[in-house]
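Q: Got chain B; can you put chain G on it based on the hints?
Residue numbers (this note's numbering), protein chains in the order written: chain B, 1 to 163; chain G, 1001 to 1568.
The hints are simulated quantities; they were obtained by calculation from the structure and are not laboratory data. Predicted, not measured: the structure shown is a model, and the values here were computed from it. Take the hints with a grain of salt, since some may be wrong.
[As the list claims (entries may be wrong)] Cross-link-like lysine-lysine pairs, in silico, DSSO-like; alpha carbons within 30 angstroms at most:
| # | chain 1 | residue 1 | chain 2 | residue 2 |
| --- | --- | --- | --- | --- |
| 1 | G | K1328 | B | K72 |
| 2 | G | K1295 | G | K1072 |
| 3 | G | K1295 | B | K62 |
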Amino acid sequence: MKHVISALVQNKPGVLAHVAGMFAARAFNIDSLAVGRTDDPNLSRMTIVVVGGNEVLEQVRKQLGKIVSVVKIQDFAGRDIVARDLMLINIHCRPEKRAEIQALVSMFEGKVVDIGPKNVMVEISGPESKMEAFIDACRHYGIKATARTGTIAMPRYRKGEKN
Amino acid sequence: MKNSSNAPEMQGAQIIVEILKEQGVDTMFGYLGGVVLPIFDKLYDSDIRFITPRHEQGGAHMADAYARCTGKTGVCIATSGPGATNLTTGIANAMMDSVPMVALTGQVRTELIGGDAFQEVDTTGITRPITKHNVIVKDVNNLAEELRQAFYIASTGRPGPVLVDIPVDVSVGTGRLNPPSDIDMPGYKPRVEGHKKQIEAAADAINKSKRPVLYIGGGVIISNASREITDLAEKANIPVTTTLMGMGAFDQNSPLSLDMLGMHGAAYANMAVQNSDLLIAVGSRFDDRVTGQLKRFCPNAKILHVDIDPASISKNVQVHVPVVGDAKLVLPEITELLEYSDRGEWFAQISEWKKAHPFTYDKNATSIKPQYVIEELWNQTKGEATITTGVGQHQMWAAQFYKYKYPRQFITSGGLGTMGFGLPSAIGAQVARPDSTVIDIDGDSSFNMTMTELSTAVMYKLPVKAVVLNNGYMGMVRQWQELFYQRRYSHSHLLNPNFADVAKALGAGGISIEKKDEVQGAIEKMLSYDGPFVLDCRIEPEENVWPMVSPGKALDEMAGLEIFEKMP
Chain B
1 MKHVISALVQ
11 NKPGVLAHVA
21 GMFAARAFNI
31 DSLAVGRTDD
41 PNLSRMTIVV
51 VGGNEVLEQV
61 RKQLGKIVSV
71 VKIQDFAGRD
81 IVARDLMLIN
91 IHCRPEKRAE
101 IQALVSMFEG
111 KVVDIGPKNV
121 MVEISGPESK
131 MEAFIDACRH
141 YGIKATARTG
151 TIAMPRYRKG
161 EKN
Chain G
1001 MKNSSNAPEM
1011 QGAQIIVEIL
1021 KEQGVDTMFG
1031 YLGGVVLPIF
1041 DKLYDSDIRF
1051 ITPRHEQGGA
1061 HMADAYARCT
1071 GKTGVCIATS
1081 GPGATNLTTG
1091 IANAMMDSVP
1101 MVALTGQVRT
1111 ELIGGDAFQE
1121 VDTTGITRPI
1131 TKHNVIVKDV
1141 NNLAEELRQA
1151 FYIASTGRPG
1161 PVLVDIPVDV
1171 SVGTGRLNPP
1181 SDIDMPGYKP
1191 RVEGHKKQIE
1201 AAADAINKSK
1211 RPVLYIGGGV
1221 IISNASREIT
1231 DLAEKANIPV
1241 TTTLMGMGAF
1251 DQNSPLSLDM
1261 LGMHGAAYAN
1271 MAVQNSDLLI
1281 AVGSRFDDRV
1291 TGQLKRFCPN
1301 AKILHVDIDP
1311 ASISKNVQVH
1321 VPVVGDAKLV
1331 LPEITELLEY
1341 SDRGEWFAQI
1351 SEWKKAHPFT
1361 YDKNATSIKP
1371 QYVIEELWNQ
1381 TKGEATITTG
1391 VGQHQMWAAQ
1401 FYKYKYPRQF
1411 ITSGGLGTMG
1421 FGLPSAIGAQ
1431 VARPDSTVID
1441 IDGDSSFNMT
1451 MTELSTAVMY
1461 KLPVKAVVLN
1471 NGYMGMVRQW
1481 QELFYQRRYS
1491 HSHLLNPNFA
1501 DVAKALGAGG
1511 ISIEKKDEVQ
1521 GAIEKMLSYD
1531 GPFVLDCRIE
1541 PEENVWPMVS
1551 PGKALDEMAG
1561 LEIFEKMP
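Excised from the complex, chain B in its bound form:
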C-alpha cells in the first residue's frame, strides 16, 4: 500500500540526509521523495511516498516527527489529494514520425519541449499512472532517457476541513 506524506522541514544543509538516512536506518521503503523550497525561504517541503501498512505509516510519521529539523508532518491518508509527477522523456523520433508523436503527446496533454534530428523531448505531468501509461505508449518508438521528479501532492481543501 502506498502512502503519501508531506513534511515541512527547515531549509538547512543536512536535513535531506537526515530524513533519507532515517528511512534507510529504520528499513522503511521509500517509493519516491521530492524536495523543493516553499514560498518561505526558510522552509522546504518534502513529499514522501512510502510503501507499507498502517503501522509502518504511523511509525514513519512518528520517527519523522522526532527529527528536530522537521517542522510539520501531514499524512494524506483518507484525504482527497491532488498528486502530480513531472517527467521529461526523450524519445527516438525520425522527422517522419514527429506528427504521430505530437498527436500522442496531445492526447496525454503533454508538451514537446525540444526536437533533435532523431529525437523529441516531451514534458508531461500528472498522476503517476499517467506517466506509466505514456511510457508504455512510447516504448515502441524507443526511449532514450527519462527523468522524473517523484510525486508531489496537496490535499484539496473542502469546506470545514482543516488544512
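A: Okay, now just chain G, sitting in the frame of chain B:
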C-alpha cells in the same frame, strides 16, 4: 540569527566556555587535539573540572555515567577526525539509553572542509544516526544559540546526545555573545503533559484488571519518577518488574518487586508478564531482550504504555492504551484515579512462582562462583554501592544478584551493549559521587577493552574498584557457543594478563584470587583500600547465566529452571 549590537565581542572559544558555564557545566571529559586547542586554551582559565581519559571513548562513557548519576547533561569534547570517530561508540551508547549528553568536536577550517584535509572527517554525517540532533556551526555569531539549543535538546523530552561540530576558524574568530533568549525551535516541542482522556483510559484499564504487572524501564529513572511509580504500585497493589535500565527505580526489597524480566530475567517476572491481563509499561520500549518472541509476548494482555516519546508507542508491540507524557507528571494523575484491590489469587500465584524459581546457584561449589562474589559485594556494601558494569555474563549476574534500592545506583550499557563500558563509567560515576563506593563489576574481556583508563583513575585520585569476574572467556559468547554451536568455542578464549599486576603497573592496587574462601577477605581489602583497586577473581570458567530465554522463544519458555531445582 539575531545580533544585538551591545552584546560583548569575544573569541568563539571563549563563547563556548561562557555557554558551558551558563548551562551549569562544572565538569567535563575530553581529549586534546589540534583543532580544539583554542577551546582548551580558554578552559585553562575556567574553573570547569576537566578529566582527560586515555581514549576518547573512555571520555564519552565517563560523561555518560556522570549524566546518569547526576541527572545533569554530560559533556565531552574531542578533536576532529580520529578524535571524533573515537567518540562515536560513547555517543551511540548514550543514544540507545537516552542519556543527556553534549559532545563537542573540533573540525578543520571551514574553507578546508570537503578537501580531505588532515584529520578531517564528516563528523555530522557519521554521527547523524546516533545523535538526537547534530549541527556544524560555520558562523561564530551562531555559536551561542546553537550551543544553547544543544543543551536544551539533549536534556528535554526523551533525552539524548547532541553533537556540535566546531571548525577551528570559528573557535578563533570573533563574535558576539548574545544574551539567552527563549528557545524557539519550530520542529522541537516535546510533550510532557499527559492527555486527560488517555489518563482516564489508563486508570480505567488498571481498575478493571485482575492480573496487572508494571513493567518499568530507564524512562522512570530519567524522569525522576521513582517515588511516583512506587505510589502507583502501592495504591493499586500491582507487582513491579524492571528492565535492566530500570533497575533501582523500584526498591527490590519491596514485596511488590518481581526483579528483572527478560532474556536473563527472573522466572517469576517472566511468568507474571506472560500471564498478566494488563501490562503497564512505563518508560520502557519493548526491547527484544525483554519481550522474547514478539508474536507470543503477553498473549492475553492489554498493553498500556506511558512514554514521553510518541515514536516508542506501538513501535514493537501494538499498544491498546497509550499515554504520551513525562512519567513524573502523568503517573500521579493516573494514581489519583486508582482503587486498591487485594488481587489475592494473582499474588498467591506469583508467590508460588517466586518460591519455585528464585535466582540461585550452586552454593556448595569449591570454585569461585561469580554469583557468590556479587552476593558478597552486596553484603559488604550493605546494598549501598554504585555499581557499573561492562557487557556480558557478569552484567547479568550483577543485575540478578545485587539488590538495588535507589534510582541511578546501577549504571550499565543497556541498549547498545557496549563492552568496555564498566571501568570508564565507574570513573564518571566516581567523579559525580566523590564520597560513594563505586564498583565496576566487570568481565575479563570487557575489562581488557578499556582497562587503560585505570591510569585516569590513578591520575585524578578516583578510588574506583573493579571486580573482574575472570573466566578466561568472552563469557556470554562462550555460553551461546555452548548452547547453540555445539561447544565449538571459536575464538572466544582469551589469554589474559594478570590484572592485579596490570593494576599495580598503572599505579592502582590489585590482587588475584582463585579460591572461594579468599573472596570475603579480598573484598574487605578492596573496599578498605585507599585508591583505585582491581580484584581479579578467577571464577568457575564455564558457569552460565540462568535462566535464559533463547532467541526465538517466548518469554516464559526459559531454559535452566531445572538447574535451580537440583540445587540445595
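Q: Which numbered hints turn out to be false for this structure?
A: 2
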